[in-house]
Amino acid sequence: MNKYVERLYNGVVKENPTMVQFLGMCPTLAVTTSVINGIGMGLSTTAVLVLSNILISILRNIIPDKVRVPAFIVIVASFVTMVDLLMQGFTPSLYDSLGIYIPLIVVNCIILGRAEAYASKNPVLLSAFDGVGMGIGFTISLAIIGAIREILGAGQILGYQILPLAEDGGMGYTPITIFILAPGAFLVLALIVAIRNYYFIRKADAGKMAASDVEVVEIGCEACAMKDNCSGKTPEDAPAQSAENKEGVE
Numbered sequence: 023m024n025k026y027v028e029r030l031y032n033g034v035v036k037e038n039p040t041m042v043q044f045l046g047m048c049p050t051l052a053v054t055t056s057v058i059n060g061i062g063m064g065l066s067t068t069a070v071l072v073l074s075n076i077l078i079s080i081l082r083n084i085i086p087d088k089v090r091v092p093a094f095i096v097i098v099a100s101f102v103t104m105v106d107l108l109m110q111g112f113t114p115s116l117y118d119s120l121g122i123y124i125p126l127i128v129v130n131c132i133i134l135g136r137a138e139a140y141a142s143k144n145p146v147l148l149s150a151f152d153g154v155g156m157g158i159g160f161t162i163s164l165a166i167i168g169a170i171r172e173i174l175g176a177g178q179i180l181g182y183q184i185l186p187l188a189e190d191g192g193m194g195y196t197p198i199t200i201f202i203l204a205p206g207a208f209l210v211l212a213l214i215v216a217i218r219n220y221y222f223i224r225k226a227d228a229g230k231m232a233a234s235d236v237e238v239v240e241i242g243c244e245a246c247a248m249k250d251n252c253s254g255k256t257p258e259d260a261p262a263q264s265a266e267n268k269e270g271v272e
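Number 272 marks the last residue of the sequence shown (our numbering); no jumps.
Treat the hints as calculated values from the structure; they're not laboratory data.
Some clues are possibly wrong.
[Unchecked claim] Using 27 Å as the maximum straight-line C-alpha spacing, the simulated DSS-like pairs for lysine-lysine come out as follows:
#1 Lys36 to Lys25
#2 Lys36 to Lys225
#3 Lys230 to Lys36
#4 Lys88 to Lys143
[Stated by the list, open to error] Cβ pair distances, simulated, as ranges:
#5 Asn83 to Leu185: 54 to 60 Å
#6 Ala139 to Ile214: 57 to 63 Å
#7 Asp227 to Val91: 22 to 28 Å
#8 Phe222 to Val91: 30 to 36 Å
#9 Cys48 to Val89: 43 to 49 Å
#10 Val89 to Pro205: 40 to 46 Å
#11 Val27 to Lys88: 32 to 38 Å
#12 Ser119 to Lys225: 33 to 39 Å
The model shown is predicted, which means the values in this text are computed figures rather than measured ones.
Note that beta-carbon positions come from the ideal geometry of N, C-alpha and C, so glycine has one too.
Let the sequences and hints guide you as you build the complete structure.
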């Protein structure tokens, strides 16, 4: 796999910051009451993550080891301030919805963790792709959690009513309000992680079963009636065997 594609795959699937590493749980559980909030927080974090990774990678040989963490925080805080002001100016409604969680991106474990673990040790382009991968993985996770909570908690998606609400005792959907509260975030996150783990465990088990099938075939040769007259050559070895015979004739 191409090393740049591997960085994207790593952030989205293999080491997803939300579903695998359980980083950034504060915004994950607090702002995902709707899809819009989840996407807004995810994209804001992605922008800060990519920009900070790039700058930290550029300065990785200049920043002294003893002050690297304070330097990382200053760099991240600068980009967070820029994102905060841009959102306040261009998306005021989303800014009001996310509130204090935009400034708190400064102390998000995902950003500081990638700065320390990857950007400070790798080239600029790889660090940028690492930030993009982690940011996309974080955004997708928040969007999925927000969609489930919004549908179950309000019968809506992206602000559109998709499940008719029950009115005056009539037929319709009764919102499960716990899903737009804090406990609902834990329930949805646990459900998604359980489904993901189940899928990958089944996939791993299938790989083990395939490997065991090969072993059974190899052991089966011992019970073959033709084993005494078998050369042990496979169809793939036929060309090599022909070459050996030809050399013998010569």
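Hints versus structure:
no. : hint                         : verdict
1   : Lys36 to Lys25               : 14 Å, holds
2   : Lys36 to Lys225              : 14 Å, holds
3   : Lys230 to Lys36              : 19 Å, holds
4   : Lys88 to Lys143              : 15 Å, holds
5   : Asn83 to Leu185: 54 to 60 Å  : 56 Å, holds
6   : Ala139 to Ile214: 57 to 63 Å : 24 Å, violated
7   : Asp227 to Val91: 22 to 28 Å  : 41 Å, violated
8   : Phe222 to Val91: 30 to 36 Å  : 33 Å, holds
9   : Cys48 to Val89: 43 to 49 Å   : 26 Å, violated
10  : Val89 to Pro205: 40 to 46 Å  : 41 Å, holds
11  : Val27 to Lys88: 32 to 38 Å   : 36 Å, holds
12  : Ser119 to Lys225: 33 to 39 Å : 37 Å, holds
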